[in-house]
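Number of protein chains: 2
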Amino acid sequence: MRRGPRLLCFLLSAALVLSACSKPTSPPSFESPSPASGTVTGLSADAAAIASERGLSPADVAAALKTYVPSGKLDEAVMFASGGHSGQVIAIGIPSMRILKNIGVFTPESWQGWGYSDETRAVLEEGSVEGQLLTWGDTHHPNISETNGEYDGEYLFINDKANARIAVVDLKDWETKQIVKNPLTLSNHGATFIDPNTNYIFEASQYAMPWTGEYAWMDEYQEKFRGSLTAWKFDRAKGRIDVEQSFAIELPPYWQDLCDAGKGPSDGWVFCNSINTEMATGKLTEDDPYFETSTAARDKDYLHIVNWRKAEEVFKAGNFVRINDFPVIPIETAVKEGILFFTPEPKSPHGVDVTPKGEHIVVGGKLDPHVSIYSIKKIEEAIASGNFEGTDPYGVPIIPFDVALEAQIELGIGPLHTVFDDRGYAYTSLFIDSAVAKWSIGSERPEDGWKLIEKVPVQYNVGHLAALEGDTVKPGGKYLVALNKWSLDRFSGDAEKGEFPGTGPLLPQNLQLIDISGDTMQVIYDMPMGIGEPHYAQIIKADRLQSWSVYPENGWDPMTHSVSPYAVAAGEERIERNGNEVHIYMTAIRSHFTPENIVVKKGDKVHWHITNIDRAKDAVHGFGLAAYNVALSLEPGEHADFTFVADKEGVFPFYCTEFCSALHLEMMGYLHVEP
Amino acid sequence: MRRGPRLLCFLLSAALVLSACSKPTSPPSFESPSPASGTVTGLSADAAAIASERGLSPADVAAALKTYVPSGKLDEAVMFASGGHSGQVIAIGIPSMRILKNIGVFTPESWQGWGYSDETRAVLEEGSVEGQLLTWGDTHHPNISETNGEYDGEYLFINDKANARIAVVDLKDWETKQIVKNPLTLSNHGATFIDPNTNYIFEASQYAMPWTGEYAWMDEYQEKFRGSLTAWKFDRAKGRIDVEQSFAIELPPYWQDLCDAGKGPSDGWVFCNSINTEMATGKLTEDDPYFETSTAARDKDYLHIVNWRKAEEVFKAGNFVRINDFPVIPIETAVKEGILFFTPEPKSPHGVDVTPKGEHIVVGGKLDPHVSIYSIKKIEEAIASGNFEGTDPYGVPIIPFDVALEAQIELGIGPLHTVFDDRGYAYTSLFIDSAVAKWSIGSERPEDGWKLIEKVPVQYNVGHLAALEGDTVKPGGKYLVALNKWSLDRFSGDAEKGEFPGTGPLLPQNLQLIDISGDTMQVIYDMPMGIGEPHYAQIIKADRLQSWSVYPENGWDPMTHSVSPYAVAAGEERIERNGNEVHIYMTAIRSHFTPENIVVKKGDKVHWHITNIDRAKDAVHGFGLAAYNVALSLEPGEHADFTFVADKEGVFPFYCTEFCSALHLEMMGYLHVEP
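Residue numbers (our numbering), protein chains in the order written: chain U, 1 to 675; chain E, 1 to 675.
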């Protein structure tokens with residue numbers, strides 16, 4: 001019965017490796033039944049019949065053809081969206097609206113081994129609060145690193161609103177490299193926003209509170225609660241935030257909301273809006289109103305105008321105090337040094353967005369039907385001439401509204417966030433109207449002036465928008481995505497009519513792709529978002545990304561971007577014991593681990609080191625170990641370590657969790673833990 | 001400056017509630033520029049121009065039109081796919097291939113609050129091993145509950161290969177309700193497979209090992225290592241596995257692989273294939289071969305043929321032993337009672353699939369180019385007449401291969417898994433050929449006989465297949481999905497050519513939708529799968545699902561499907577202290593929590609109870625509490641509890657993590673922890 005199994009396996013493996021390494025030269029056969037050859041474009045003979053049978057309107061047909069990406073062709077752009085309280089970042093192809101990858105950031109992610117190896121666990125542990133490991137985050141506002149105001153595709157930054165943290169994702173391998181906990185506060189919102197050359201990542205706090213760790217009741221709100229704007233210095237060479245070169249500015253206890261950094265003529269400034277300038281303290285007695293009411297009492301809140309270049313000088317001059325061992329420029333210093341100014345903005349603002357040329361700042365107020373457009377020139381003139389209408393209770397000078405304002409445009413109810421295209425138009429989401437408004441930037445389209453051009457309904461309660469490179473100095477136009485917060489009636493029907501009744505009570509969100517290339521906006525795709533709740537997104541042209549598909553060398557530690565000191569080469573696999581510490585040096589290659597049988601003693605501390613020595617693109621191995629809660633993902637060339645105490649006796653299978661070859665099921669071994 | 005903020009808020013909230021509760025009556029305006037009205041179907045005037053501009057071939061156009069689901073229209077079917085080592089289940093719309101939802105199962109999922117409330121944490125803790133909480137799983141084979149062999153859309157079962165666990169998902173609310181840990185073994189594979197009326201969920205172990213907790217070295221492999229097949233009794237009324245009514249059958253230390261339960265004439269049987277009938281022990285010395293070679297030495301492995309009805313009788317008669325406090329029918333008893341038989345199957349088999357009429361069992365062997373089709377009639381005749389060719393080393397009688405076999409068809413290299421359509425065709429994935437083979441079931445299409453009809457290439461290394469209700473007694477035809485394991489060249493290009501170079505070294509998988517309604521198979525959609533590694537999937541017609549969109553009553557505990565004893569109604573919010581235990585009874589409604597300000601003392605044990613008293617579909621509230629690692633998702637009507645010791649002093653914002661209304665940012669409060 002035995003005839004050459006080794007030869008067969010070798011041939012199979014070789015066939016697999018060869019097929020894995022060569023690009024298929026013939027297109028898939030699904031084009032064969034078509035009368036035309038593969039290179040001819042145009043409609044199929046049965047196109048009209050298919051449209052009719054499936055009930056597609058002419059507009060549906062156009063939309064289908066604008067969004068379909070055929071097998072073997074690539075999306076034009078990638079949208080990086082926050083995952084909300086999933087804690088992750090979601091990469092989506094444009095125009096197909098297909099999810100390319102969910103990147104593990106603040107939440108452990110076993111498919112990627114994120115948070116299970118020693119290296120990745122250490123990144124999560126960096127983000128702990130007082131020793132408490134946090135296993136989730138609330139990601140809100142991703143920002144792609146920029147050079148001269150354009151996306152450079154190198155890094156992605158993302159904040160955790162729930163715990164005031166910032167993460168750095170390296171787009172060379174799409175992995176999170178660093179999580180920094182803000183030492184001053186426990187929630188942020190105006191993050192991550194960067195200046196045009198990614199010197200700083202700005203993080204404004206959201207809910208005012210005493211400095212982290214300090215106790216106060218609400219009767220001390222105005223004295224003890226504070227906001228802050230932290231400027232995290234980014235060290236591009238290291239690909240890390242340099243905490244030692246970072247600092248914060250103390251802010252009054254308003255709830256700072258979104259921010260944006262200036263560019264062009266406004267470079268050097270960062271703008272943040274705010275809510276609860278009422279300094280409401282919420283419901284304390286039966287008669288008190290809730291925050292939702294009491295934070296909306298005043299007609300105006302304050303746009304915060306911060307000179308970060310001057311703040312940097314003040315910080316470098318040592319003119320700060322240390323709070324929780326972190327350098328903070330006090331409000332009085334910020335005022336005295338000309339760092340901090342306010343101007344009124346319509347009540348309950350959300351988005352603050354600098355136009356592509358950097359001349360104007362657009363604020364959308366949720367409880368005001370206008371967008372308010374400020375001029376950086378007018379702001380700078382007012383500051384230079386001391387044209388203030390007094391100060392807020394904390395002494396911050398206020399530039400009069402009508403002095404700073406360039407224009408206001410009435411768009412509809414609930415203007416929220418504004419992005420830009422390549423033709424001088426701006427697009428603002430209208431949360432309550434469930435629509436997107438297109439309007440002209442008067443300074444860039446003098447023929448139109450500051451004017452509402454058109455609205456398109458979306459389905460619905462649209463939050464943020466993302467346009468192709470729409471917040472850079474050179475927007476790409478063409479595509480706009482509405483990140484709608486509710487999706488009812490879109491992916492679920494009426495059970496009584498026999499329709500698919502949905503996905504249970506937790507519905508997906510609905511992201512809608514809008515074609516903005518023509519004279520009128522066209523909604524061309526509805527995308528259910530059932531893996532998180534994206535708040536904000538950026539869309540980068542795909543060819544700006546230069547990621548690796550295989551790690552540069554075998555034994556690569558993605559956290560240091562160098563070969564690990566524990567890297568294992570073929571032939572160097574071994575088990576070393578030193579007292580009750582055992583080091584296992586293992587390799588993985590299609591389709592076996594070496595060693596396959598391992599014995600340790602109960603109570604041993606086990607340090608396990610694995611290198612994937614496969615070099616073919618896509619030749620990923622997973623590693624799962626029963627009962628000890630170990631899950632790794634080892635990309636080609638990658639090395640990972642994990643450590644545990646062998647406190648359970650018995651026999652524990654481990655195996656490759658990726659279907660890596662025809663003999664993948666056989667890629668396993670046993671850990672024997674002796675009593 | 002103050003003018004009626006409460007009135008404004010009320011109006012805004014009312015507008016929002018009204019808009020949320022009413023279905024939009026007018027279609028979105030994206031149809032407006034079309035010359036035809038909304039009800040006319042057909043091509044758009046610019047269709048050919050768009051196809052030409054985007055380089056779409058006629059086949060691409062047909063594929064686009066077959067898969068596009070317009071805004072406001074619903075997918076026809078839902079595919080439930082395992083997430084592999086993500087530990088989750090992924091629901092995908094067919095034919096749009098859009099991800100509708102990622103359902104948290106074995107891995108905590110903060111977007112859904114899965115694993116963060118007391119109720120959901122308890123489910124994860126049920127799945128612990130010796131007190132070790134496991135925070136991931138390796139989901140492989142989802143099965144939808146059946147009635148009379150058809151999907152009934154009520155429950156979904158899924159296994160964790162890495163730790164030998166089974167989970168039950170309730171499709172009323174798409175939430176996991178139960179995780180059961182197998183007490184005998186630490187890995188499974190042949191799970192979850194059910195009989196046609198969902199009496200039992202079958203779970204075959206994968207890697208043979210001593211019973212959990214026992215130690216042995218490989219020299220005792222044949223005596224101490226064992227496989228098992230566990231029959232988990234499903235109590236449909238309770239929606240739970242009834243562990244007390246469940247039992248296992250001891251199996252030889254082969255590596256049991258996939259299983260399928262019989263139906264029609266084969267109902268009462270369950271079939272499992274196996275690898276490593278060599279009982280190879282892997283590389284122990286320099287000269288030993290790896291498992292990948294030594295497990296493929298024999299030309300044949302054993303198809304396990306198990307009479308589960310007889311096993312049930314034997315179990316109910318008390319004819320079992322207890323191992324790890326679980327009832328196990330020993331091999332000798334199984335043999336003596338006519339429960340367990342073998343027949344040879346081609347080496348290294350993977351899929352074992354019963355045809356829709358239940359007459360035949362199809363086995364694909366990865367290292368044999370054929371599918372082998374067995375006849376249940378012939379198997380039963382052989383058993384009845386005692387037509388055996390001896391036994392395996394454990395005394396299990398072996399039915400001769402040629403006696404049990406109905407037919408063999410040569411399909412190509414690496415046949416892996418077979419599903420069925422409504423026209424008498426079967427579809428088998430070819431892992432190494434990277435193709436799908438269509439062949440005729442001779443007994444159902446006598447005009448064709450047992451014959452290969454056609455192959456279609458896929459891109460590539462296809463693992464399992466899923467066809468519309470393709471493993472039930474009434475397959476739906478029309479759609480087939482190839483779950484390809486590798487995707488290189490599909491979603492990533494060549495950086496040197498300026499193409500999008502991919503998603504980092506961890507590539508998505510590629511799921512391809514194939515139109516099987518015509519004479520030839522057509523690949524019509526490439527779907528990147530970047531949130532997990534699906535192994536197996538089932539596709540159910542959407543109208544069979546009858547899920548809830550709002551919980552039946554306020555205060556609903558999804559884990560008990562009844563109103564929680566801790567449910568909180570409007571007006572009943574309160575804080576109760578008993579010594580150092582504090583109970584917080586809170587409601588959530590757009591857009592506030594009650595209470596908003598909470599004070600506890602450092603060291604208090606806090607029991608926090610929250611009811612979402614919103615009743616509108618999609619009115620979900622999240623709950624995030626800084627620093628204490630709390631993340632909840634409260635669907636309309638849902639109640640949840642969480643418990644923690646307030647060991648950190650200071651002020652901790654909590655807020656609604658779902659963008660639930662225009663005043664969502666204001667839906668917050670403060671937990672004050674007094675020193």
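Simulated from the structure, these hints should not be mistaken for lab results. All of these numbers come straight from a predicted model, not from anything done at the bench. Errors might be hidden in some of the hints.
Identical chains blur together in the list; that is why a pair holds if it fits in one copy or across any two.
Think about it this way: if two alpha-carbon atoms lie no more than 25 Å apart in a straight line, the pair counts; the simulated DSS-like pairs of lysine-lysine are [what the hints assert, rightly or not]:
1. K601 - K455
2. K602 - K224
3. K451 - K648
4. K474 - K497
5. K455 - K73
Verification of the hints:
no. : hint        : result
1   : K601 - K455 : neither (70 Å within a copy, 52 Å between copies)
2   : K602 - K224 : between (53 Å within a copy, 19 Å between copies)
3   : K451 - K648 : neither (70 Å within a copy, 52 Å between copies)
4   : K474 - K497 : between (49 Å within a copy, 23 Å between copies)
5   : K455 - K73  : between (33 Å within a copy, 22 Å between copies)
Against the hints set out earlier in the document, violations occur for numbers 1 and 3.
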